[in-house]
Amino acid sequence: MKQKKLMKTATPYLFILPWIIGFLVFTIGPLIFSLIMSFFDWPLTADPTFRGFGNYIEMFTKDKQFFKSLTISLKYAAIFVPLNMIIALFLAMLITQPVKGVKIFRTIYYIPTVISGVAVSILWGWILNGDYGVLNYLLSLIGIEGPKWLVDPAWAILAVIIASAFGVGSMMLIFYTDIKNIPIDVYEAASIDGASPARQFFSITLPIITPTILFNLITSIISSFQQVTLVMLLTGGGPLKSTYFYGLYTYNNAFKHHKLGYASANAWVMFIIILFLTALVFKSSSAWVFYETEAGGAGKKKKGGKKS
Amino acid sequence: MKKRLVSILILAMAGTMIFSGCGGGGGEDDGKTSDGKAKIRFATWDEAEDVDTQQAMVDRFNEEHDDIEVTLEAYGGEFDTKIAAGMGSKDAPDVMYMWNYPAYANGLEELDSYIDKEGADYKENFYETLWNYNSLDGKTYGIPVGFTTHALFYNREIFKEAGIAEPTNDWTWDDLIKAAKTITEKCEGKKGFSFQMKPDPYDFEMYLWSNGTAYCDDEGNLDGNLNSKEAKEVFQMFQDMEEEGYAVATEKSGGDEFRAGSTGMYIYGSWAIDSLNEAEMNWGVVKIPSFAGKGPSASILSSSGLSISKDSKNKEAAWEFVKYWTSEELNTERIGSEQPVLYSVVEAEKMMEKPEYAPFYEMLEQSGDYTPASFKVERWSELAESLSLTFEEVFNPSSMADVSDSLDTAADQ
Amino acid sequence: MKMSKTSKVIIYILLGIMAVYFLSPFIYMLFTAFKTEAEAIAYPPKLFPAKWLWKNFIDAWNAQPFGRYLWNSILVTVGTTVGQVLSCSLVAYGFARFNFKGKNILFMILLSTMMIPWDVTMIPQYMEFKMFGWINTLKPLIIPAWFGSAYYIFLMRQFLMGVPRDYEEAARIDGANAFQIYWKIFMPILKPSLILVGVLNMISVWNDYLGPLIFLQDRDKYTLALGLAGFKGVHETQIIPMLCITIIMIIPPIIVFIIAQKYIVEGTSGSIK
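Protein chains in written order, with the numbering used here: chain A, 1 to 308; chain B, 1001 to 1413; chain C, 2001 to 2273.
If you're looking for bench data, these hints aren't it; they were derived computationally from the structure.
We put the CB at the ideal spot given by N, CA and C, even for glycine.
You may find that some hints are simply not true.
[What the hints assert, rightly or not] To give an idea of the chain C side of the interface with chain A (calculated C-beta under 7 Å), a few residues:
1) I2013
2) I2017
3) A2019
4) L2155
5) N2207
[To be verified] Derived pair list, reagent style SDA-like, types lysine to any residue, alpha-carbon separation capped at 25 Å:
6) B:K1376 x A:P48
7) A:K8 x C:Y2028
8) B:K1252 x C:Y2028
[Unchecked claim] Sample of chain B residues lacking proximity to chain C, with all beta carbon distances greater than 10 Å (derived):
9) K1082
10) K1139
11) E1278
12) V1345
In isolation and in its complexed conformation, chain A is listed as follows (with noise of 0.2 Å):
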């Protein structure tokens, strides 16, 4: 009896356990380091010296960059990543809909997702280029001057939104996968008592994904953050310093300054911040997202007895 309840306590622990020899093998080593690090000058090339909150100090009264680059990211996480959520669901909306060669857009949509990083951040670069690109040679040739994406600071970050929203297929993917998750008959029955497509996307869709919404919402917050590759390459943090991401600023000051500890500050003011913001989202969540294994869900009733 005493084993059997044991082993009921030991049961989800057993299921998670993967995932915690993983953390504890891989993960929170490296992670550990890095705070420590963040309390060190550490050039890379020599051994580092510890230098208190030295590093903190010096971000939060010093650096004028860590500021700016903190506001770029926090303007384009609040464009992008609800921009990027819409767009994801409005695709995945389309790609449901049951008409023919449908799935050929599905496929056409999620093509960019799959293209190399490096490939598609020099692509951009070329299309975007204000005086040889070919999205301003098109544009001319409708009598419109393009501006000069890259150059003029204030279309840059547009031209950043722009490229990193082609990549949105891999959150369509996700919300579609939701989507279709859905039971037809859930639909069969609002459509008998009269409700319209839009009523229908509103009471019952969005309800049955707020789950994945709010999965979408954290990890697009997060990768806004981070967001490197793209920039680096298509902009370089330019034009005017206009695009310097708080990821490059940190990428900048590890790979290109050799200032590690200073990055490994960087890092981790960036995850209080983000952490805050994600705590945030969870608190509010309660509200607005609903799941099944709690009582009184959205779909609970009408799911409900259709199981026997």
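Fit chains B and C to the supplied structure of chain A, relying on the hints for placement.
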């Protein structure tokens, strides 16, 4: 059921272990291969086909030495990230290509004692200027392998179309400006000259040298140098060219625009030669123009050397390989991808008679007296980042900042 | 579901507009890959190459030992995908379907591991793998995936939270234990999301070049993505070969995707009904 799941997991795991292992082991690293040879890791920044050529050269070395085994590692444009990570974790390659000595010298072996052992003739056969670029604070950290200076590339077809004489080695900037004007006026949709909107500060200092100044003095003071009258003249000249519309400030190096035939001239290193030939262009190259009334123009040097890691376990073997890699034989073989750095080879191969290479050597010979700011200033990479922003502010058409104010502000840091 | 003609037309128009945005850069890339270097950068740009140079692809493929790289990429991709799908579903099941002490804290820690950028943990990670003797092998690229990654665990958990409680209650009455419920009942229901995780992981591993760059040394261990990045030099980028390899590299994931999307749909209708 549970047991079966567990055994499936273990099996699958073991499967990947075996597949990914490829020999496995190697936890103990004593710098020896399994058959007792000294193991040398050699990192290059070259790409694609060039790596095959290098592999063949490495193979030959391995055949000639039964106690050393060199393995080639090719990192292309990601070279810096890899080397930085390697040094940070004390596992840098034994031998590596190197140019940025101020940033990496701490992790590199001093080579002066090795060089001395080879006798005086050894050192003297290298172009003298190159030693300055391969050392820091009087200590040598790399053996020169190749170099490039900058020179003025021009498109022969465009000059023909504009009906003007091609550039010569004794051009001044006034000549260039006049030609650029004519090209822009006569050739529809073309610009006479291009330069980078966001020039690398390391490169751009050469124009200041040519006009008799520099970013800083020997103590690293910017004020009175970066914002001197001569420096301001240089920036003003470039900004005027752009503003008056006969030069274009390019987003990248300007190579694409030049090869596309959209611009008539640009200044760049010998890296461009391969791609110009590939694009089947009719091009020429001459020395960088000088400033009227000033001495001959100067060029920055982009040198590549071969360095040994301070942490290498087989330094003697590494030196053996470095000597091989920088030998006359290999200098000769590399012509076409790397310009020889040995007097004897330049002479034997008649490099000075080849019109596409000669300007780079002439620029080398007249640029010996200058030391880039990166060798004088501590934390150059951070200064370079802020200088880069200042220069961009001056040349970016959406800001076009006032030259004098910008440089004064930049010098005050 | 029936659809009116007008709504069908609207849907096609929307599908078309989005397709232009997603497809045109790709088409431009595809056509450029067939051009000569000079044509590729010519201004004004032309869409079609003067001559379709299939040779570009052969040259690009031969510029580096891509056959070898392909094999390594397949090993790493398959190796991680199998591991990721198994471990993530297991861990996610634990987090989603049980209540236990410390669950919320552990889950928060799990999410936190995504928030520290790789730049600063890479060097200690390198030292650790060196201690294991894993440097210059494919192990650091494959084995950690067998212990789950926070991103996919989180994703799976969200899907699992959407499955009604009654599923395991019915099974428990039949006397099944927790692992049997997971394996026999939930794995089939989860097929679409398992495939989703597999597809997402495949794409990210297939295209990752930073991991291989840091942990590998010899060229015969390189992956396709690292070889591709190798066309980007310090000064000049060999754009045509780069585009050719990019296009070749797209093919396997697209084929997998086309097959997978069938199962994402089928899986659902087969299990819930």
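Right, here's what the structure says about each hint:
| no. | hint | result |
| --- | --- | --- |
| 1 | I2013 | violated, 11 Å |
| 2 | I2017 | violated, 10 Å |
| 3 | A2019 | holds, 5 Å |
| 4 | L2155 | holds, 6 Å |
| 5 | N2207 | holds, 5 Å |
| 6 | B:K1376 x A:P48 | holds, 23 Å |
| 7 | A:K8 x C:Y2028 | violated, 59 Å |
| 8 | B:K1252 x C:Y2028 | holds, 20 Å |
| 9 | K1082 | violated, 6 Å |
| 10 | K1139 | holds, 25 Å |
| 11 | E1278 | violated, 5 Å |
| 12 | V1345 | holds, 23 Å |
Hint compliance for this structure: hints 1, 2, 7, 9, 11 are not met, and every other hint is.
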